[in-house]
Amino acid sequence: MRTVFAVLMLYSIGTFSYAQVTLRGQVLDSATRQPLGLSFVKIANQDLVADTKGNFGTTSVRVGQHTLLVSHVGCETKKVRLVIRRDTFITIYLPHHDHTFKEVVAYGHQNNREPDARLIQIVSTKRLEQLAAVSLKNALQNVNGVRFLKTGTTIAKPIINGMHSNRISVINEDSKQEGQQWGSEHAPEIDPLSAGSIELIKGASTLRYGSDAMGGVIRILPAIFDDSSYTKISLITKGETNPNGAQLGMKIENNRQKIGLGQRLVVNLKRNGDATAASYVLSNTGFSQLSGSYYAHYRHGKNELALTATAFVQELGILAASHIGNLTDLNRALASDTPLITRPFTYTIKQPSQLIQHYSGKLKWHYNSDHLGPVTLSYTIQKNLRQEFDNHNRNKDAALNLNLTTHQLTLLVDKHINQWRLQYGAQGEQQQNIFQGRYFIPNYQRHKTGIFSILTIEKDHYLLEGGVRYDWQNTNTFRFVKDVVVNEIFTYDGISANLSGWRRINEDLKLHLSAATRFRSPDINELFSNGLHHGSAALEFGDLSLKQERSYSLNAAFNYNHNRLQVQVEPYFHYFQNYIYLQPSGEIQLSIRGAFPVFRYIQTNTRYIGTDINIGYRITNNLTTEAQAALLYVKDVVSDKYIFGIPAQRVSGRLKYTFAEALSLRDGYLWIGPSYTARQNRVELDQDFVKPPDAYFLLDAEFGAQYSDTPLHFSVGVNNALNNSYRDYINRYRYFANDLGINFYITLNYTF
Amino acid sequence: MKQSKTNISILAFLALGVISFSSCKDDEVVNPPNPNEEELITSVELVFTNAADSTDVSTFKFADPDGEGGNAPTQQDTIRLAQESNYTLAVRFLDESSSDVEDITEEVKEEAEEHLVCYTTDASTTVTISDKDMNELNVGLEANVETTIAANGTFTVALKHQPDVKDGSCDVGETDVEVAFELEVK
Numbered sequence: 001m002r003t004v005f006a007v008l009m010l011y012s013i014g015t016f017s018y019a020q021v022t023l024r025g026q027v028l029d030s031a032t033r034q035p036l037g038l039s040f041v042k043i044a045n046q047d048l049v050a051d052t053k054g055n056f057g058t059t060s061v062r063v064g065q066h067t068l069l070v071s072h073v074g075c076e077t078k079k080v081r082l083v084i085r086r087d088t089f090i091t092i093y094l095p096h097h098d099h100t101f102k103e104v105v106a107y108g109h110q111n112n113r114e115p116d117a118r119l120i121q122i123v124s125t126k127r128l129e130q131l132a133a134v135s136l137k138n139a140l141q142n143v144n145g146v147r148f149l150k151t152g153t154t155i156a157k158p159i160i161n162g163m164h165s166n167r168i169s170v171i172n173e174d175s176k177q178e179g180q181q182w183g184s185e186h187a188p189e190i191d192p193l194s195a196g197s198i199e200l201i202k203g204a205s206t207l208r209y210g211s212d213a214m215g216g217v218i219r220i221l222p223a224i225f226d227d228s229s230y231t232k233i234s235l236i237t238k239g240e241t242n243p244n245g246a247q248l249g250m251k252i253e254n255n256r257q258k259i260g261l262g263q264r265l266v267v268n269l270k271r272n273g274d275a276t277a278a279s280y281v282l283s284n285t286g287f288s289q290l291s292g293s294y295y296a297h298y299r300h301g302k303n304e305l306a307l308t309a310t311a312f313v314q315e316l317g318i319l320a321a322s323h324i325g326n327l328t329d330l331n332r333a334l335a336s337d338t339p340l341i342t343r344p345f346t347y348t349i350k351q352p353s354q355l356i357q358h359y360s361g362k363l364k365w366h367y368n369s370d371h372l373g374p375v376t377l378s379y380t381i382q383k384n385l386r387q388e389f390d391n392h393n394r395n396k397d398a399a400l401n402l403n404l405t406t407h408q409l410t411l412l413v414d415k416h417i418n419q420w421r422l423q424y425g426a427q428g429e430q431q432q433n434i435f436q437g438r439y440f441i442p443n444y445q446r447h448k449t450g451i452f453s454i455l456t457i458e459k460d461h462y463l464l465e466g467g468v469r470y471d472w473q474n475t476n477t478f479r480f481v482k483d484v485v486v487n488e489i490f491t492y493d494g495i496s497a498n499l500s501g502w503r504r505i506n507e508d509l510k511l512h513l514s515a516a517t518r519f520r521s522p523d524i525n526e527l528f529s530n531g532l533h534h535g536s537a538a539l540e541f542g543d544l545s546l547k548q549e550r551s552y553s554l555n556a557a558f559n560y561n562h563n564r565l566q567v568q569v570e571p572y573f574h575y576f577q578n579y580i581y582l583q584p585s586g587e588i589q590l591s592i593r594g595a596f597p598v599f600r601y602i603q604t605n606t607r608y609i610g611t612d613i614n615i616g617y618r619i620t621n622n623l624t625t626e627a628q629a630a631l632l633y634v635k636d637v638v639s640d641k642y643i644f645g646i647p648a649q650r651v652s653g654r655l656k657y658t659f660a661e662a663l664s665l666r667d668g669y670l671w672i673g674p675s676y677t678a679r680q681n682r683v684e685l686d687q688d689f690v691k692p693p694d695a696y697f698l699l700d701a702e703f704g705a706q707y708s709d710t711p712l713h714f715s716v717g718v719n720n721a722l723n724n725s726y727r728d729y730i731n732r733y734r735y736f737a738n739d740l741g742i743n744f745y746i747t748l749n750y751t752f
Numbered sequence: 753m754k755q756s757k758t759n760i761s762i763l764a765f766l767a768l769g770v771i772s773f774s775s776c777k778d779d780e781v782v783n784p785p786n787p788n789e790e791e792l793i794t795s796v797e798l799v800f801t802n803a804a805d806s807t808d809v810s811t812f813k814f815a816d817p818d819g820e821g822g823n824a825p826t827q828q829d830t831i832r833l834a835q836e837s838n839y840t841l842a843v844r845f846l847d848e849s850s851s852d853v854e855d856i857t858e859e860v861k862e863e864a865e866e867h868l869v870c871y872t873t874d875a876s877t878t879v880t881i882s883d884k885d886m887n888e889l890n891v892g893l894e895a896n897v898e899t900t901i902a903a904n905g906t907f908t909v910a911l912k913h914q915p916d917v918k919d920g921s922c923d924v925g926e927t928d929v930e931v932a933f934e935l936e937v938k
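Same order as they appear, the protein sequences are chains A and B. If you use the numbering used here, the first sequence closes out at 752, no skipped numbers anywhere. If you use the numbering used here, the second sequence closes out at 938, no skipped numbers anywhere.
Keep in mind that a hint or two might mislead.
Unchecked claim - Where chain A lies over chain B, by a calculated footprint (3+ residues, C-beta under 8 angstroms):
(1) 792-804
(2) 872-880
(3) 884-891
What the hints assert, rightly or not - Once the Cα atoms are required to be at most 25 angstroms apart in a straight line, the calculated SDA-like pairs of lysine to any residue come out as:
(4) B:K813 <-> A:I588
(5) A:K383 <-> B:N786
(6) A:K350 <-> B:E862
(7) A:K232 <-> A:R256
(8) A:K482 <-> B:N783
I should point out that these hints are in silico values taken from the structure, not numbers from a laboratory. Ideal Cβ placement from N, Cα and C applies to all residues, glycine included.
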């Protein structure tokens with residue numbers, strides 16, 4: 001039971017009680033209050049069918065306690081307990097419009113999902129196709145509670161509970177996506193069209209995927225094949241004006257039920273030129289991307305084998321005006337209202353640029369053991385190559401070459417006994433990094449292991465879950481110190497634990513609470529950075545003596561659904577001991593290139609307090625409205641100072657009109673969505689080059705529908721409809737240029 | 753069946769062990785590139801020759817052998833020039849990060865259409881760039897310097913890298929070198 005729209009209203013028509021009385025009633029849609037004709041009502045041994053107006057009745061009900069089972073096509077079956085003493089009329093509200101508010105749903109134990117206590121939102125395959133998503137940023141747009149740390153238009157890292165980079169994990173089924181996540185300009189290499197669904201797990205409510213995802217987890221799951229033999233081809237296309245470009249995606253899916261083999265091939269191609277701000281071209285921001293995957297799933301008896309191969313190749317330009325030499329250049333860029341370099345629009349990508357490749361292969365074996373329950377064993381290999389080209393090495397080798405190889409092995413046992421569920425497993429990983437060119441981080445080889453166990457009990461009205469996890473890692477680094485290669489060894493280990501659960505207070509209200517402690521070992525860049533950060537005019541220094549950081553987290557959620565109203569409030573609190581972050585030191589260091597401000601990785605204690613709020617209200621049958629807010633307060637509790645780079649407060653809304661059929665269109669919608677992002681005032685002015693950008697207002701709108709009875713779905717939309725000039729505090733390019741101006745887009749999906 | 757349970761667990765952990773504890777390291781991992789072999793400009797040398805007396809040559813130098821970050825610069829000369837004089841100036845960029853000193857000036861000259869040396873002074877001196885690239889734009893590796901009255905100030909030399917954007921202005925491109933020398937005109 002996901003939502004609890006239903007409310008029971010009992011009208012009694014009283015005379016004296018007889019042994020046999022009359023029960024009459026009507027079944028209505030809880031959201032629209034429209035009658036639900038042909039509903040089924042089961043009472044005692046009688047099966048009743050409602051008429052087209054939703055009315056049902058029987059004259060022979062025994063006096064006493066009864067349980068009514070009410071169902072309707074497209075609804076979950078609703079259980080109504082009532083005591084009948086006399087002739088009675090009841091109105092039953094069924095949660096018919098399950099998808100009233102959005103495709104992403106809110107948390108916990110879903111219809112046929114496995115019981116657990118995760119605070120979760122899901123983006124479906126259909127939604128991903130309709131969005132024609134090429135990045136996580138596209139796929140998770142409009143999902144409340146996720147923001148993006150951006151470097152320009154294409155590089156975006158998810159922020160959950162105010163955290164990003166190594167405090168957020170991207171998980172492919174059960175193995176962590178490993179890439180060069182060592183800075184804000186390294187975005188996860190994910191092809192959303194290859195995903196069946198994307199789960200956004202907020203907070204620290206799960207230990208299954210590692211210890212270090214303190215802020216949350218984004219989990220990519222493959223789509224399950226339908227229960228028949230078929231071949232299906234889907235085409236997904238998108239064209240847009242800003243950045244001017246096009247996308248073509250194709251999915252071919254074949255399932256042969258007789259032999260238990262399903263296969264899927266996904267190719268996703270995207271190419272666009274320079275983006276434009278409201279009044280100028282953002283030169284050299286074009287990008288091209290080729291991503292795809294092959295997935296095969298074979299089922300035989302109790303065994304299932306799955307093979308996944310993915311490829312992701314992306315070439316992207318770095319905003320010409322952002323490539324600067326020193327503090328003098330930066331100050332000149334800051335003083336200028338427009339970027340110092342603007343050239344006419346082009347599709348050509350010039351230096352500075354990046355070429356990023358990510359390849360993975362995964363073999364998964366799933367065995368339904370009679371004794372152990374389902375056992376899953378998987379092996380994954382990932383290879384991530386990154387080449388950064390700068391102006392100095394034109395048409396030559398990359399200035400920086402990083403080559404990261406990861407092997408992972410995962411074992412998971414998932415045993416269900418009645419209302420109990422026991423999950424336990426282990427993970428092992430070997431990773432090695434090799435670099436060429438400019439020094440950024442040393443070569444290293446790292447080994448990791450982790451074991452965990454999670455116990456869940458689910459009852460009708462509550463669920464409780466407790467978990468514990470142990471992780472160990474060992475890193476061997478190799479770098480030159482005074483012309484000699486030095487091998488340094490770092491070993492960390494620690495325990496993580498959590499206790500969480502949810503409780504249904506009544507039909508309308510559900511509460512979730514999770515308490516967890518986790519730890520994160522210092523990352524290689526936090527230990528070893530030493531020198532100029534490419535293009536950011538800052539000297540960054542790591543600290544080899546950093547200890548691991550530990551978090552103590554509380555996540556809660558209140559879900560209230562009553563007829564037309566839906567309220568979700570998700571507050572969180574995280575306290576960090578030895579929190580590692582890059583702090584502007586205030587020093588200026590002189591060098592041959594001029595002066596540079598100095599940033600150092602330090603450890604302190606911090607506090608994150610925030611909440612995500614979502615309120616939806618159905619005004620009429622066809623009209624819904626929604627409001628969202630994301631609030632966050634972060635402070636270094638040792639120095640009592642604000643932390644650099646925390647997203648500003650934001651509120652957004654949406655007014656959506658839906659229709660079932662009009663002209664030749666079906667299942668159509670039109671929405672308009674304003675959003676307001678406040679100025680980030682919680683900053684230390686001496687810790688930044690420039691004051692935070694002003695608050696800004698954006699207006700988006702979209703219209704979409706299916707064309708008559710064909711499998712053609714289309715949408716047309718506009719972003720930043722007012723063509724406002726703005727800069728966002730969490731976009732690193734805010735020092736150099738405005739964010740994107742107006743954009744029109746059209747997407748088409750067709751399935752053969 | 754009890755047996756198969758045990759088997760699975762053992763197999764899995766064996767496999768985990770193989771991956772996790774294999775300690776053989778790739779040659780490539782243990783042999784990182786030496787960062788000192790990377791090209792770097794560590795020093796700027798200004799050679800002033802008195803136009804009236806070619807034997808009156810003075811050299812001033814700024815050196816930061818380990819590049820940006822790390823240690824502070826090791827040499828920061830003060831430029832001393834005579835008042836009411838004309839000098840020809842030649843600038844040299846060197847890589848002195850290793851014992852094998854490399855002259856980067858030649859590379860700058862070869863890619864003259866992408867580079868510009870900019871001079872800023874605030875005391876008694878005028879700098880006129882005398883060399884041009886193939887597009888007839890200033891390069892700045894050679895210049896004439898004229899002094900007037902006695903004064904103290906700074907003399908800033910900046911090497912700008914301006915691929916595709918060079919237009920004679922110092923406002924575009926990326927700064928490869930920027931050194932502010934103390935200046936005394938006596």
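Right, here's what the structure says about each hint:
Taking a C-beta to C-beta cut-off of 8 angstroms, the region 792-804 of chain B contributes 4 residues in contact with chain A, enough for the three needed, and the coverage statement holds. Requiring three or more residues with a Cβ within less than 8 angstroms of a Cβ of chain A, the coverage given for the region 872-880 of chain B is violated, as only 0 such residues are present. Look at the region 884-891 of chain B against chain A: 0 of its residues bring a Cβ nearer than 8 angstroms to a Cβ of that chain, fewer than three, so the hint is violated. Of the supplied pair hints, the one linking K813 (chain B) and I588 (chain A) holds, its CA atoms being roughly 22 angstroms apart against a limit of 25 angstroms.
For the hint pairing K383 (chain A) with N786 (chain B), the CA-to-CA distance comes to about 24 angstroms; that is within 25 angstroms, so the pair holds. Among the hinted pairs, K350 (chain A) with E862 (chain B) is consistent with the structure: their alpha-carbon atoms are about 21 angstroms apart, no more than 25 angstroms. Proposed proximity of K232 (chain A) and R256 (chain A) is supported: the alpha carbons are some 12 angstroms apart, at most 25 angstroms. Between the alpha carbons of K482 (chain A) and N783 (chain B) the distance comes to roughly 14 angstroms, so the proposed pair stays at or under 25 angstroms and holds.
Hint compliance for this structure: hints 2, 3 are broken, all remaining hints hold.
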